[in-house]
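If you want the building blocks of each chain, they are given just below.
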Amino acid sequence: MKWLSLVLFLSLPVLADIAKPPPPAPAAVAPEPQHPQGIEKVPMGVIEGGWAYVYAAWGAGLLGLVGYAVSLYVRRSEAPPPGAP
Amino acid sequence: MASWIPLAGLIVLVALVIAQLAVPSSRAWVWKVAAGLGTLELAALLYFGLVWAPPEAFMSDVGRILYVHVPHVWACLVAFTINVACAIAYLMKKSWRTDALAEASAEIGVYFGAIGVLMGSIWARPTWGVWWDWDPRLISTTVMLLAYVGYLAFRSFTEDPERRAAWSAAAAILGYVSLPIVWFSVRWWNSLHQVQSTGSTVDKPMRAVLYWGNVTFLTFLLAFIIKRYELARARQSSALELPPVQAPKTEVAV
Amino acid sequence: MKPETRNRLIALGAILVAGSALAWIAFGNIGENLVYYWKPSEMVAQGQKAYGATVRLGGVVVPGSVLFNTEHTALTFQVADSHKGDAVKVTVKSEQTPPQMFREGIGVVVEGAFSADQVFRTNRLMVNHSNEYRAPTDGGMPDEAWKNSLTKAE
Amino acid sequence: MRKPRISLLRASWLVLRKDWMIEWRTRARLTALIFFSLSTLLLFSFAMGPDIEALRRHAPGYLWLALLFASVLSLGESFRVESENQALTGLVVTPVEPRAIFLGKVFGNASLLFGLSLVLLPVAVALYDIDLSRAPLTLLLVLFLGSVGISAPGIVYSAISANARARDVMLPLLLFPVLVPLLLAAVSATRFTLVPDAQDQLPGWLKLLTAFDLIYLSVGFLLFPKVAEED
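Protein chains in written order, with this note's numbering: chain P, 387 to 471; chain R, 65 to 318; chain V, 122 to 275; chain X, 31 to 261.
Calculated from the structure, these hints are not laboratory results. Heads up, some of the hints might be wrong.
Said to hold, decoys possible - Examples of chain R residues toward chain V, derived with CB under 8 angstroms: (1) Val148; (2) Asp197; (3) Phe248; (4) Gln260; (5) Gly263.
Note that the coordinates shown come from a computational prediction; the quantities given were computed from them, not determined experimentally. Glycine included, each C-beta is placed from N, C-alpha and C at the ideal position.
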């Protein structure tokens, strides 16, 4: 059960990716996008894509959590057994 | 996500902390609840942060790093604050408990801080255009982490538990001086890093997700600190050759 | 006076000194003049002394001043102190492809050298994002899926 | 605790004088310290090449780094002297307060560093071609404030690390990160006494330096008795 929940939890980012709405492709490549702040003649200004960075950062967070939990688990032999007051 | 949901999570978290501190019989299960709750909250954060939340107006999807970067640094600052509180408490009244908690919070603070800085660097590349820069905020944060790495190294290099406790408490208090510098660096200098966001500078749904992220990682902070604290206590009792299960009578006789 | 009382008083005094020094640096506006980059007006005020040295210039990109040649990645724009119309402006030339966030009106920090022809040449262009995080507000970046989920959730 | 028979300042002065006398009697060590920091300055000059503009611009940084490295040696020595023959225990059990030992040692070390910086300045002029005549008194003030700022946390840390394993590594490991903000303030303040201060930045850095000094002095003043009482 524990492992099943772990697997489910780890697969969440994948699920999230699947569930992600399709990128608004036509608007993103439109030649003159209407700028949210109404500035005219915008050369660029809005990041397109960049999901790799998002996954890298979130992945670092998830890996860190798992890694630190594992390091605590590995060092557990020095700690009292669970349930000890 | 309605804005009261993070608040509810925070209240549950505070209740857990109170239970851990005040109700000895709950100590066997509080960390399990915190770990389980944290996992659930993280799953929700994955959905809210990566799918539900709107992209930022200019950063678009890259702005989603906000929901993990800021909570990590917050957790780091909270951990270091716990650390200095324990150090002051130890110097006022010697107790192995505060010493162990100081050790636990410093290590976890370094962990959260290092990950937070890493995330910030990843975020800086697409937004600022560089991975790293000579920036007061970045430098002062890194230096603060180094101070605590030094603190941890010092702890592991000192054998006498009593001296280690007193000396590392002094080192912790001196090291904490760098934390206000980190906090104020973006205000003192015209830094590349933006100043702290307030409620009014973040749109409502994004703010809710940000607070949710804070609650999530603070919950993990609680679970980690409890387990790391138990480890530190076990090391102490083996170093002092105290019976391992002797909870109430572990104050240092001075 | 008892030694204990005296010790406490000394300790209290030391805490007060530390606390007030901290409050002083935190709220005393000491840092107002500590610069990490120069603003255009500050750099121009330097006159000839500013020429040649590697310095940093920070400000906002003047709307309407951006010229970008994607083929030769030659980017020219003006940096001003603020959005006010009469703010001092400095022309910046960059050979580097700017970050995607670069746009008119945004804050930038550039590293490079100012020369006598009043042009600041840089090879390191950084975008200075504000502390504001806003959802797209109008049809500019439509994300219908998000808007739908928002209406459902409310 | 017995009632102190002599006032705090008087006791601090006695400790300071004792440290000065020890320094004077072991002049060989003092000489070694001077030559160590001189060679640090020379090494910076050699490593950076003949670009005199760059050397002049970075001179404040080199000067403070040389002082910082020297301070690690002098701080380590400061307690090595005491730990021989249990002299620190002797000091602590006398009716001298630990706080007086702290103040005496901080200012002893600060005066040593300040003196060292006075020796280094002419060498820096020769090597880096800096101009000392712009604000000489302010420069002296900056050097003194910086020396105190290095010494105050340094004395606490060296008292701590004198008995730790691998103490030669521990002192810099603990001290350097804490000192970075102070060093930044000291280097910047020094720079603006040597080059034109176009934006009037010097007062800000001086205030920051003073504030750090006050914080480190008072925090160290509070902590030192806790650190020293066990010895």
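Structure-based check of each hint:
1. Val148: Interface hint status for Val148(R): violated (13 angstroms vs cutoff 8 angstroms).
2. Asp197: 6 angstroms, holds
3. Phe248: Holds: closest Cβ of chain V sits about 5 angstroms from Phe248(R), inside 8 angstroms.
4. Gln260: Since chain V brings a Cβ to about 7 angstroms from Gln260(R), closer than 8 angstroms, the hint holds.
5. Gly263: At 11 angstroms from the nearest chain V Cβ, Gly263(R) fails the 8 angstroms test, so the hint is violated.
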